[in-house]
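Novice: Quick note, the sequences are listed as chains A and B, same order.
Here this note's numbering is used: the first residue of the first sequence is 11, the next is one more, and so on.
Here this note's numbering is used: the first residue of the second sequence is 12, the next is one more, and so on.
Hint data in this document are derived by calculation from the structure and do not stem from the laboratory.
Among the hints, a few may not be true.
[Said to hold, decoys possible] When the alpha-carbon atoms are kept at most 16 Å apart in a straight line, the in silico EDC-like pairs for lysine to aspartate or glutamate are as follows: (1) A:K32 x B:D60; (2) A:K32 x B:D61; (3) A:K32 x A:E111; (4) A:K32 x B:D59; (5) A:K22 x A:E117; (6) A:K22 x A:D92; (7) B:K168 x B:E249; (8) B:K113 x B:D248; (9) B:K168 x B:D248; (10) A:K24 x A:D92; (11) A:K32 x B:E53; (12) A:K113 x A:D92.
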Amino acid sequence: MTARALINVPRKAKRGDVIEIKTLISHVMESGFRTGTNGKTIPRDIITSFACTYNGEEIFATQFYPAVAANPFVTFYTIATDNGTLAFTWIGDNGFEVTQEAKIVVE
Amino acid sequence: MEKRLRLVAPALAIVLAAIASLAFAEIPLSQRRSGYEQMSREVKAMQDDDTSNPASLSVLDGEALWTRREGSAQKSCADCHHDAETSMRGVSARYPAFDAAKRRPLDIEQRINLCRTEKQQATPLPFESRDLLALTAYLGKQSRGMPIAVISDDDTKPFIEAGRQIYARRQGQLNLSCQNCHDDNAGQKLAGVELPQGHPTGYPLYRLEWQSLGSLQRRLRNCLFGMRAEPYAYGADEYVDLELFLMWRARGMTVETPAVRP
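So here's chain A without its partners, still in its complex pose (with noise of 0.2 Å):
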């Protein structure tokens, strides 16, 4: 199944508010470190890195371990400036890549 993201931004804020954004995608964060029944070590297959940019202008990245948790949560906060979008991109081992938006209104 496709990965899913949640992302949770305030849709509407007055200019210069400190916003809270709150994401969370689906991961099997495997960390390469186990081992299968069948004896073999489970290969590694973790997100590595994830950025948040603001009307195209980066506002946050940050890069995953292996010790991350399955279906990592990430909350930080911003300044609301300006109408606009935010875009959130996880990048991952496999080639993995997703990318999502949300709009915010700033009064």
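On the provided structure of chain A, position chain B as indicated by the hints.
Specialist: What follows is chain B alone, placed relative to chain A:
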């Protein structure tokens, strides 16, 4: 000496009887607490906000499966049941429910698979498979906030009773019963963990230890492992009877599906 013993013996018998009756007392309805109430602030926050509850991702999967045509009948659940928000409202809250054809209760997973095999003419979904969990979570969500209301009548009573007997029976290498932990010692610590009363209010739920969604049967399997008893096979009658008893024991409590547990 002999005289004293004669006095002590009845006193001891009374004390023992008191302990025994305490040990087998069911938790009064008004004192039942969901496992939710024992969780840390952070884990509660995860369950409370759908956008931080990882089980929401499975609910979305379930919503997609609801409208997918399956099997040689090429029918989707929605083709027959239409909008789940109305047709499935309150349904999970009264499962396991008695099935007249099978002459026994079915849990919600078995009920879904019955529609898969008989109405969609598709293969049943394996227990704990991603798709079955997703559909169960999606249906369960339609009962969220509603009171648990399994039916106790002439049909179901023998099965509730069978479940109660498994619940009360000591088993496994540690010679423990479910009741020993979840009635007699609920609220006490087992290693670092506070023993919950063991109510099935949130299933299927996202368990942080599992890093995934899991069914009530998976939870029961875990407890049986903990007791060093032999777990039943998935779908076994014993599990369904236990599920029915647990739901009956939790009657009137609020459905939290899909919940989060540590």
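Novice: Now, for every hint given, state plainly whether the structure supports it.
Specialist: Results of checking the hints against the structure:
1. A:K32 x B:D60: holds, 10 Å
2. A:K32 x B:D61: The hint holds at about 11 Å.
3. A:K32 x A:E111: holds, 13 Å
4. A:K32 x B:D59: holds, 14 Å
5. A:K22 x A:E117: Holds, at roughly 8 Å.
6. A:K22 x A:D92: Distance of about 11 Å is within 16 Å: holds.
7. B:K168 x B:E249: Since the Cα atoms of K168 (chain B) and E249 (chain B) sit roughly 15 Å apart, the hinted pair holds (cutoff 16 Å).
8. B:K113 x B:D248: holds, 12 Å
9. B:K168 x B:D248: Within the cut-off at roughly 15 Å; holds.
10. A:K24 x A:D92: OK: K24 (chain A) and D92 (chain A) at ~9 Å, within 16 Å.
11. A:K32 x B:E53: Given that 16 Å is the threshold and the Cα spacing comes to 14 Å, the pair holds.
12. A:K113 x A:D92: holds, 11 Å
Hint compliance for this structure: every hint is met.
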